[in-house]
Amino acid sequence: MAPSKPDYDIFGDIVKHKLRNSQADKYTSDSKNTFCYQLFTILKLSMDSVNLCKDFVSFFTLLNTEYSGAAITGVSNKYPEFLNFWLNRQFRARSISVTPKSTFYQHLINNYKTFEAENKLNNKIHDIDDLHFNKLNSLYEFYKVYYDLKSNNNENCSKFLEHFKKDYTPAWKKCFNENDVEFCKALEKFTKFYEEDKTSISTVCITGKSSLPKLLSPRSYQIENKEDKKIGNSLIMGTHNATISGLSKINDKEYSQLHELISLRYNFLAVYNEDEKRSNMLKILQEFFQYCSRNRENSNLFSFFKEFLREYYIKNKSEYGEIYDDCSTSSESIKSYCSIYQGFSEQLRKSLLSINEIEEEDTEDETKIRQSFISYFSSDSIILQLEKDNNLLSNITPILVGTIAGGLLILFFLYKFSSFGSCLHAKILKNEETLYNFNEEIDRDLFENNSELEINNSNNRKIHLSYNPSLKPF
0 MAPSKPDYDI FGDIVKHKLR NSQADKYTSD SKNTFCYQLF TILKLSMDSV
50 NLCKDFVSFF TLLNTEYSGA AITGVSNKYP EFLNFWLNRQ FRARSISVTP
100 KSTFYQHLIN NYKTFEAENK LNNKIHDIDD LHFNKLNSLY EFYKVYYDLK
150 SNNNENCSKF LEHFKKDYTP AWKKCFNEND VEFCKALEKF TKFYEEDKTS
200 ISTVCITGKS SLPKLLSPRS YQIENKEDKK IGNSLIMGTH NATISGLSKI
250 NDKEYSQLHE LISLRYNFLA VYNEDEKRSN MLKILQEFFQ YCSRNRENSN
300 LFSFFKEFLR EYYIKNKSEY GEIYDDCSTS SESIKSYCSI YQGFSEQLRK
350 SLLSINEIEE EDTEDETKIR QSFISYFSSD SIILQLEKDN NLLSNITPIL
400 VGTIAGGLLI LFFLYKFSSF GSCLHAKILK NEETLYNFNE EIDRDLFENN
450 SELEINNSNN RKIHLSYNPS LKPF
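Here the sequence shown stands for residues 0 to 473, where the numbers follow numbering that gives the first Met the number 0.
Think of the hints as simulated: they come from the structure by calculation, not from any bench. Take these hints with a grain of salt, some might be off.
For lysine-lysine, the following PhoX-like pairs were computed, each having C-alpha atoms within a straight-line distance of at most 20 Å [to be verified]:
#: 1; residue 1: Lys282; residue 2: Lys173
#: 2; residue 1: Lys367; residue 2: Lys316
#: 3; residue 1: Lys112; residue 2: Lys143
#: 4; residue 1: Lys197; residue 2: Lys173
#: 5; residue 1: Lys172; residue 2: Lys252
#: 6; residue 1: Lys158; residue 2: Lys17
#: 7; residue 1: Lys4; residue 2: Lys158
#: 8; residue 1: Lys316; residue 2: Lys349
Throw the hints in and build the complete structure from the sequences for me.
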């Protein structure tokens, strides 16, 4: 039986929760938490379990007091779910091993009445499996780091950026790979909250290096059937080097940026700074043309070419135009992404400029897009000269020539200076003699059997040649 999915939307009041959690460390209520000691004295669990039990009782008491007089809302009504997450987080942080039916849970549940929790926590406290806990924890960390940044501590800026760079992307990917709609809704809720509120903290991260990232909303979490039919998906999902279409697989080692783009449905996740984003954009194009050049003889390449233009390039065309302008005007540009552009071959640069002439409406015109495709990949004279291409033939040819030459030299020495050569020579002479005798016998037989030549009188002028069927035609 698959574990049930938790409620992910439990962090709307995280500021209050954090405040009460810090106060719970100092709060004690011996009259309500004495049952916790039985975990050690009777049930033989560790003192870490006892202390966690006491902390849980204190935290619950503070939150219950906080919300007891407030009107019940979506936020205030979910603090039991937050408490359950907090408890599961503490198990892992304190290395306390538990199971869904462990002694700790049962002892806590059996004593709800002791700390007045029976009406609040019934069916709320339980073990969260690792898969769903990791998703909850990632959401918790996003809110936590964001509110830390709002404290106007500039030191938190770099921490915030690094955290999102490291953790937001994997969380966003889960919306596609695991198709967990509820998690993606919760992630989207945080993204909207962040985008609406980030102006209040924009002064904290004001340098170009530490600009606030723009987070891409996981709006595509409800995967449509057409997504599965995209040729790009088949090119990265294949388990072998070749796909069903006959095109080679786009692996994440040789085509890292292109593979990442397709795996995210042709989307960018976040922008940390302009140089980094535009460097990746150029690498994507470089790898795309490299892949097309290597698969240009496969007729199915056209479908991928068209899909790439429609799903990605046209949507980012204006920014690509800015990149080309920035990097073409000066060979001494200080922008790091221009060093990538200037490292391209002249032919590749021309192709990038040509593809930038394609308009959005052209992607719906089969004739126009096919003409562009043919002009790029139809003849050797215009095949892209990608600087990273490995010429396999140039690597093999010297080895092949050397091997053949060495083999011939060995045969020559064997023939001239070894007994093998003498045997071979005698064999050749014997074969020649046999062939000579055979030819002589055939000539004689032919002469004897065809000696009868009859020529009739001059009236009919017929010529009769005898035929011997024992001789087969050559």
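Please work out if Lys4 and Lys158 have their alpha carbons no farther apart than 20 Å. violated (30 Å)
Has the given pair, Lys316 with Lys349, been kept, meaning a C-alpha gap of at most 20 Å? Given that 20 Å is the threshold and the Cα spacing comes to 15 Å, the pair holds.
What's the verdict on Lys172 and Lys252, does the C-alpha distance respect the 20 Å limit or exceed it? The hint holds at about 18 Å.
Taking 20 Å as the top limit, are the C-alpha atoms of Lys197 and Lys173 close enough? violated (24 Å)
Given the hinted pair Lys282 and Lys173, is their Cα-Cα distance within 20 Å? Judged against 20 Å, a Cα distance of about 25 Å means the pair is violated.
With the threshold set at 20 Å, check whether the alpha-carbon distance from Lys112 to Lys143 stays at or below it. violated (32 Å)
Are the Cα atoms of Lys158 and Lys17 separated by 20 Å or less? Holds, because 19 Å separates the two Cα atoms, which is no more than 20 Å.
Is it true that the CA of Lys367 sits at most 20 Å from the CA of Lys316? Answer holds: Lys367 to Lys316 is near 17 Å, not above 20 Å.
In terms of the numbered hints stated before, the structure departs from hints 1, 3, 4, 7, listed from lowest to highest.
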